[in-house]
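Colleague: Turn these sequences into a full structure, and let the hints guide you.
Numbering-wise, the first sequence is residues 1 to 550 according to our numbering.
The set of hints was computed from the structure by calculation and includes no laboratory data.
Check the hints yourself; a few may be wrong.
Think about it this way: if two alpha-carbon atoms lie no more than 25 Å apart in a straight line, the pair counts; the simulated PhoX-like pairs of lysine-lysine are [to be verified]:
1) K298 x K260
2) K479 x K407
3) K472 x K510
4) K65 x K54
5) K260 x K302
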Amino acid sequence: MNQRERLRDALVGAARQLGAPEPIDPPLERPRETSHGDWSTNLAMTLARPLKRKPREIADDLVGKLALSDAGVDRIEIAGPGFINFYMRAADTAGALPALIAADALYGRHAIGEKRRVNIEFVSANPTGPLHVGHGRQAGLGDAIASLLEWTGWDVAREFYYNDAGAQIANLGLSVQARLAQMSGRDVAIPEGGYHGDYVGEIAERYAAEHPNDREGSHLPDVTRFAVRAMRKEQDLDLQAFGVSFDTYFLESSLYTDGKVDETVAALVRAGHTYEHEGALFLRTTDFGDDKDRVMRKSAGKGGEFTYFLPDVAYHVTKWQRGFHRAINVQGADHHSTVTRVRAGLQAVGMGVTPGYPEYVLHQMVTVMRGGQEMKISKRAGSYVTVRDLVDEVGRDAVRYFFLMRKGDSQLIFDVDLARSQSEDNPVYYIQMAHARISGIFRVGEIDPVSVTGIDVDLGTLNEPEEQELIKALLDFPKLVAVAAESLEPHRIASYLLETARLVHLWYHKHHVLNEPDEITRARLVLARAARIVLRNGLTILGISAPDRM
RNA sequence: GCGCCAGUAGCUCAGUUGGAUAGAGCAACAGCCUUCUAAGCUGUGGGUCGGGGGUUCGAUUCCCUCCUGGCGCGCCA
Numbered sequence: 001m002n003q004r005e006r007l008r009d010a011l012v013g014a015a016r017q018l019g020a021p022e023p024i025d026p027p028l029e030r031p032r033e034t035s036h037g038d039w040s041t042n043l044a045m046t047l048a049r050p051l052k053r054k055p056r057e058i059a060d061d062l063v064g065k066l067a068l069s070d071a072g073v074d075r076i077e078i079a080g081p082g083f084i085n086f087y088m089r090a091a092d093t094a095g096a097l098p099a100l101i102a103a104d105a106l107y108g109r110h111a112i113g114e115k116r117r118v119n120i121e122f123v124s125a126n127p128t129g130p131l132h133v134g135h136g137r138q139a140g141l142g143d144a145i146a147s148l149l150e151w152t153g154w155d156v157a158r159e160f161y162y163n164d165a166g167a168q169i170a171n172l173g174l175s176v177q178a179r180l181a182q183m184s185g186r187d188v189a190i191p192e193g194g195y196h197g198d199y200v201g202e203i204a205e206r207y208a209a210e211h212p213n214d215r216e217g218s219h220l221p222d223v224t225r226f227a228v229r230a231m232r233k234e235q236d237l238d239l240q241a242f243g244v245s246f247d248t249y250f251l252e253s254s255l256y257t258d259g260k261v262d263e264t265v266a267a268l269v270r271a272g273h274t275y276e277h278e279g280a281l282f283l284r285t286t287d288f289g290d291d292k293d294r295v296m297r298k299s300a301g302k303g304g305e306f307t308y309f310l311p312d313v314a315y316h317v318t319k320w321q322r323g324f325h326r327a328i329n330v331q332g333a334d335h336h337s338t339v340t341r342v343r344a345g346l347q348a349v350g351m352g353v354t355p356g357y358p359e360y361v362l363h364q365m366v367t368v369m370r371g372g373q374e375m376k377i378s379k380r381a382g383s384y385v386t387v388r389d390l391v392d393e394v395g396r397d398a399v400r401y402f403f404l405m406r407k408g409d410s411q412l413i414f415d416v417d418l419a420r421s422q423s424e425d426n427p428v429y430y431i432q433m434a435h436a437r438i439s440g441i442f443r444v445g446e447i448d449p450v451s452v453t454g455i456d457v458d459l460g461t462l463n464e465p466e467e468q469e470l471i472k473a474l475l476d477f478p479k480l481v482a483v484a485a486e487s488l489e490p491h492r493i494a495s496y497l498l499e500t501a502r503l504v505h506l507w508y509h510k511h512h513v514l515n516e517p518d519e520i521t522r523a524r525l526v527l528a529r530a531a532r533i534v535l536r537n538g539l540t541i542l543g544i545s546a547p548d549r550m
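Modeller: Here is the structure:
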């Protein structure tokens, strides 16, 4: 049992003796101020109402009844309106380090997910252009969320959905075709809604080179197919540069060829939630909380095709049918209007899909700043900064961290100058440096970290304030991973790493590990190894490397 | 007009799901460098938590309302 569990059990026992109503679940928190102890509970305050007594009296009684024979408590204080503050023995806190080290690369993992399957869809960019910074944020977020869920015991599948069947694709083909015509000297404009980036011209040139018999792209389906293949290749390279890989690339076109779209329409009609109006087929999404009904199939006058909405529903039906009873979609907040209607569609189809399926993680926009100026120009894309531009310029680790350091709900300013800087102003650098410094101790001391287990070492000497603060942070890591996974918020890991790195640097500067009395060195090596493990595990969750030297 | 998100120190942002005197980094000011990385360290100042109501022992956190900014509101995706 760890400290928290021991204190919790003691509190539950005491509260029961006072006649507290079940279930008793005493909150135990790390106080903001170290002067308020190592653990604190407001249990007495929460019991004030049911017991109809004053919180401080309850606190007194609780403390009197605590069975703490071997809980590692040094002393207890009652403070403020009725907080009970626990001050632990330094040796007891440090005593948890050997177990941390034994867990090593598994430290921070949980079995909460019980191997259940979860599908995480992210990026899902149309194959009509390179990945821009918004996709980059999404790639970082999605991959880190996937990683967090893996760490908490879920069976995770990363999925990329290609909208390769809609009007956007037709526009891409027409745009490339127009460029081909221009290259052969004809004055043809890029069609309305078409794509203007330099990459369109590059594709046209490659097409012409590989199709000497059709240098003008007269056969549109060939041109389009070629363009889509080229764009997917480009995006793959972007993702590769970023270090993200997917288990499944799901093609929208397959929903048509596999009959999933037709099946879904039939199911919706059968379920009785559809009607025709002015020649179009509507789904009554208002029955499921939407503010207006949505068109599934356009009227003949508008082409008679399905809107994007229907394949979207069909796609999520396949997720459910493929055995993912939990699905998370990471998208830009500009798509938030689709959330209600997709969920409505899944309820309407009447397949017993859980309400609230799928879950959404929406993120706000990204602004790239350089030299105090917003950056919009990219040679490759013509109009925006691409993921590969960023990775080329600042490196994968920095890009990943910067995309993850803010919660998705906040708009993100990506400061290229800061991300490039090799100084401790740069948070990625600061965190990696903490890891490298600790690694340096082992290197200089010629000590194999694996040989440091903490067993048979007197850890009671780790009683300096900087040591106790660092140890507590390290011990809080597993809880933090659980909370970050539960809330789907990787930025918590990023913030935690920055704070823990700060504690490492503080400790490192104030206290030496090598060339100290033997028992001090031995104990501090244990702390060094524990800190190294936590930093590395946290960075690993975020997909960032943990260098041994810099 | 309606919906979603945000508003916290001069700047960039945290804030453990309702707790104690609201925190960190940068910037400013003062002092420090013979040690495992000075690519640093220590200290100080800095706040009507956008405004106003409400809920209760207690609110940055929950509810209502207003202000400001971003995004969205199509038989586009």
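Colleague: Under the criterion that the straight-line Cα-Cα distance not exceed 25 Å, is the pair K472, K510 satisfied?
Modeller: Status holds; Cα separation ~18 Å.
Colleague: Within 25 Å, alpha carbon to alpha carbon, are K65 and K54?
Modeller: holds, 17 Å
Colleague: Verify the proposed pairing of K298 with K260, using a straight-line Cα cut of 25 Å.
Modeller: Judged against 25 Å, a Cα distance of about 18 Å means the pair holds.
Colleague: Sort out whether K302 lies within 25 Å of K260, counting only the CA atoms.
Modeller: The given pair, whose Cα atoms are some 23 Å apart, holds under the 25 Å limit.
Colleague: Within a Cα-Cα threshold of 25 Å, do K479 and K407 meet the stated pairing?
Modeller: holds, 19 Å
Hint violations for this structure: none, all hints satisfied.
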